[in-house]
Amino acid sequence: MSDLVLEIGTEDLPAAWIRPALAQLSQALTERLRQESIAFGEIRTAGTPRRLVAYLSAVAPRQPDSVVEIRGPSAKQALDADGNFTSAAYGFARTQDVFPEDLIVKRVTGGEYLFVERPKPGRPTVEVAARLLPEIIADLTFPKMMRWGEGSQRFARPIRWLLALYGTEVIPFSLDGVTSGRITYGHRFGPPLASSPQGDAPPNEPSDGGDAAAGSAAMPVTIPDASLYRGLLRAAGVMLDPDERREVIRAQVEDLGRAVGAQAHDEALLEEVTFRVEWPTAFRGAFAAEFLSLPREALVLVMRQQQRYFPVTAPDGTLLPHFIGVRDGGTEGLEQVRAGNERVLQARFADVRFLYQEDLEVPLAERVPALARITYQDRLGTLLEKTERLVSLTGYLCDVWPVDEPGRQDALRAAHLAKADLATGMMRELPQLRGVIGRVYARHAGEPEPVAEAIADHYRPIAPGDALPRTEAGRILSVADRIDTLTGHFAIGLVPTGAQDPYGLHPQAAGLVAILLEAPPLSLGALCATAYALYGDRGPGWRSLEVTRAALLDFLRLRLEAFLAERGVRYDTADAVLDAGFDDLGRALARALALEAAREAPECQETLSAAIRVGSLLRFAARSEMGAPPGEVRIDLLQEEAEQALYGAYLDVRPRALRALREADYPGALGILGELAAPLDELFDNVLVMSDDEPLRVNRLRILAEIQSLFLQIGDLTRLITEAE
Amino acid sequence: MTLQELLAALSRYWADQGCVLPVAYDLEVAAGTMHPDAFFRALGPEPWRAAFVQPTRRPSDGRYAQNPHRAQRYYQFQVLLKPSPDDVQDTYLESLRCLGIDPRQHDLRFVEDDWEVPTLGASGVGWEVWLDGMEITQFTYFQQVGGLSTRPVSVELTYGPERLAMLLQRVESIWELEWAPGIRYAELGFHAETPCCRYNFDVADTERLSAWFAGYEAEALLALEQGLLLPAYDYTLKCSHTLNLLDSRGALSMAERAATIERVRLLARRCAEAYLSQREALGFPLLARPAAAATE
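Sequence order for the protein chains is A and B.
Under the numbering used here, the first residue of the first sequence carries the number 29, and numbering increases by one thereafter.
Under the numbering used here, the first residue of the second sequence carries the number 47, and numbering increases by one thereafter.
I should point out that these hints are in silico values taken from the structure, not numbers from a laboratory.
Since the structure is predicted, the reported quantities are computational estimates derived from the model, not experimental observations.
Note that the Cβ used here is the ideal one computed from N, Cα and C, for glycine as well.
Treat the hints loosely; a few may be bogus.
To be verified - Ranges between beta-carbon positions, derived for each pair:
| hint | chain 1 | residue 1 | chain 2 | residue 2 | range |
| --- | --- | --- | --- | --- | --- |
| 1 | B | Arg335 | A | Val96 | 54 to 60 Å |
| 2 | B | Leu312 | A | Pro152 | 27 to 33 Å |
| 3 | A | Glu574 | B | Leu274 | 54 to 60 Å |
| 4 | B | Leu312 | A | Thr525 | 25 to 31 Å |
As the list claims (entries may be wrong) - Computed far set for chain A versus chain B, every beta-carbon distance over 10 Å:
| hint | residue |
| --- | --- |
| 5 | Asp40 |
| 6 | Ser321 |
| 7 | Arg585 |
| 8 | Arg687 |
| 9 | Arg725 |
Excised from the complex, chain A in its bound form (with noise of 0.2 Å):
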């Protein structure tokens, strides 16, 4: 039992892509070497930018032995009437290179067979490996593939050498020209000096183009056992384990802010920059304090996604003039490197502040008419266009759901000014921040602040689990906007598929239902219709109204039943509700936590049973074309004790459980319908429902057919898979 090592050592990696390839990395070699019977104690996986590591621990040294059977001719062909062996036997043998007293009969399935039993010796691990490893890295995929050299395996980048060890012996393959050995390499820049990392560490003697052997790249480091590989390699500056990484970076960052008496808390970053080094040490640095009039996002953006340093923050919140960044590497040359840091941050803030001052200059409504100049889709027209469409969405909105007054004004200036932030010089160099900047943009142009907050709330959610928008000007434009960019792509067919999504419009979809799921009523069909129809007539390719709306409602309801999902509604509960309709999603998600809620109550149970017999029973008989047509149902026709029982019953019901239904009470409409099981019962184990006298079944198929109407306000519970089934 030795251990095996298997290191990928590579030109720097994508941060992002270092996680995902370990997790490919251990499946395969796990799932591999099962296939290859070869045992091992634990598989653990490590990687920094320059490498990607597989260990294994306690790893069999050989393959089990077993044995081969090798089928020969049939016992019919191979034995005579005495059970002597024919020549077919002997042929057989003879070609298997055995005593023909060697031969057995096995019965399988398909009758007697002649049979050789061949031992098989387990292969070395070593030789397996060579032959697993080499197909196991080519086999790695990354979000982007490259080719180098004269070379034609593609990866994430240049793979430069492999360490490959079982034990003290090298794995031998080779890959695109790359040979396997026990070779690795250390820190880029050697291993570092051993102090311990301190942000406020005295200047270090600048050494530039002082001691040039001090800089050498980092010599190879020789692995003699495949165990004492992580442990040479930290000592020459690698520090493996991503976690480990991660926390010391993590204590870093903290005592850094903690020492100016703030915080720099960052999980995504940590993560981020946990795969950019291979040693960490992190420092503070400063920047000039009237950078902090320009807006707060813009600096946190420009350090986080730009530069890749923790902002720091005060405990109440607000921003200090501090960052932290992470080098790779020790404390060596610290000061020069937070100095030269400080310098390029400078650089960028004031870039920033270049573009902000120029924007400044005009006022964000007289940027309305620059959006003309700006296509928001080819086949969709000018964002101009779109603002125009989004104030008319908007007006449409502020109708549907009572807004006063002065909401709808805020509204509509928010809509008029929502994308004018798009025309500004920022958004050249910070895409990112549109919406956020207009918000500042239309606070300094001295709009109202509900329409200034409305601006950068239309874009919320971003991604799913994001707040909603906080404000109603807020809500009502991101339901338009969103409405506008799906309706609008639809109708030119441009339909996500699978995974496919070029145009966003997964997190569009995501977002207008996790709205509208909290929204005041909205018929979603008429919202679309109103949508579709300020895009005035687009011509050919133009897809109908009814093919646009029915496609987008087939999009939402995937989004929907995720939403229900979450909410702990089981797919046949969503389906049961859905298929009944979704047209208002506020009452749809009311309608389905009523039915989960009901198939989970003891005294529920009678009337979902006594709802799905009616509705089984509806559909048979139009299977059956013995359905009835619609019409009334004829007093005079309720023969028999129960259905005048159940009519009865179903007069008294219907007032308060429509009532309950219009109120949205789904809990209190399934009560009230609860009522109708005792009678329905009643019917069903005293009356022949589909009767032979044709008017006498209609008339109870009616009866029927208006108690399902009731349920169907709530959902179509067929649907629901019962326990019975």
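Let chain A serve as the given structure and place chain B on it in line with the hints.
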């Protein structure tokens, strides 16, 4: 180290690595990649190594000399190595050491960056090289040039000499750099920066530029029809620069911009194809050249 010493040191270093040292191209280009000895040489099977200084124009990057790092005209030190050598990262780091930059005393990082010049149909994969948070080099393995797949793959190193010099001279702004002893960068460049920004952003006549674009495009097509490669390519470069001027004037909607880029890209692609067929007709002569350019 003055800027001119820096450029000389880089030239010396890369000459020692077997690079040809062509001089800068004499038309407005937005990137050293547009130099014919980079763009065309990246195509086809012939090995190539070249290094040169190329003045570069990007009208939209002008900041009226108000930004310490950005200008509408600056320099690139361009290296093209084909095929990309296995030790190219180390060779690059060594070039920094020969400028007196000890990477161990700095934070040197290869931060992933997919590079692209859409007008040339050129794209690649690689990094921005960061030194203490500042981008000092674009480091790219070309995957496509002129819309054609590259085989073998070239690697392109584009140094920002001003940024390196700022670091070495410990100055805060490119305008304060010393080009030669006692001669500042501003002396050579600043007098032009503000007027050029004015022209690029506010003055250039967009109608006339649009008409010229169409004219340059027609000339490029005319030259292509006659198999006149370099004249066709020159007009392609003029189209590209005119497009950039129109862009800095804000004269192009996004759709127009995309369509205009596409027109230049088609020209570049046809030039690339013409180059390849002309070299093929010559039997790819550099394949036969003894390894001088391919290895040092």
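Status of the hints after comparison with the structure:
no.: 1; hint: Arg335(B) with Val96(A): 54 to 60 Å; in the structure: 56 Å, holds
no.: 2; hint: Leu312(B) with Pro152(A): 27 to 33 Å; in the structure: 58 Å, violated
no.: 3; hint: Glu574(A) with Leu274(B): 54 to 60 Å; in the structure: 57 Å, holds
no.: 4; hint: Leu312(B) with Thr525(A): 25 to 31 Å; in the structure: 29 Å, holds
no.: 5; hint: Asp40; in the structure: 4 Å, violated
no.: 6; hint: Ser321; in the structure: 17 Å, holds
no.: 7; hint: Arg585; in the structure: 33 Å, holds
no.: 8; hint: Arg687; in the structure: 54 Å, holds
no.: 9; hint: Arg725; in the structure: 65 Å, holds
In summary, the structure is inconsistent with hints 2 and 5 from the numbered list given earlier, while agreeing with the others.
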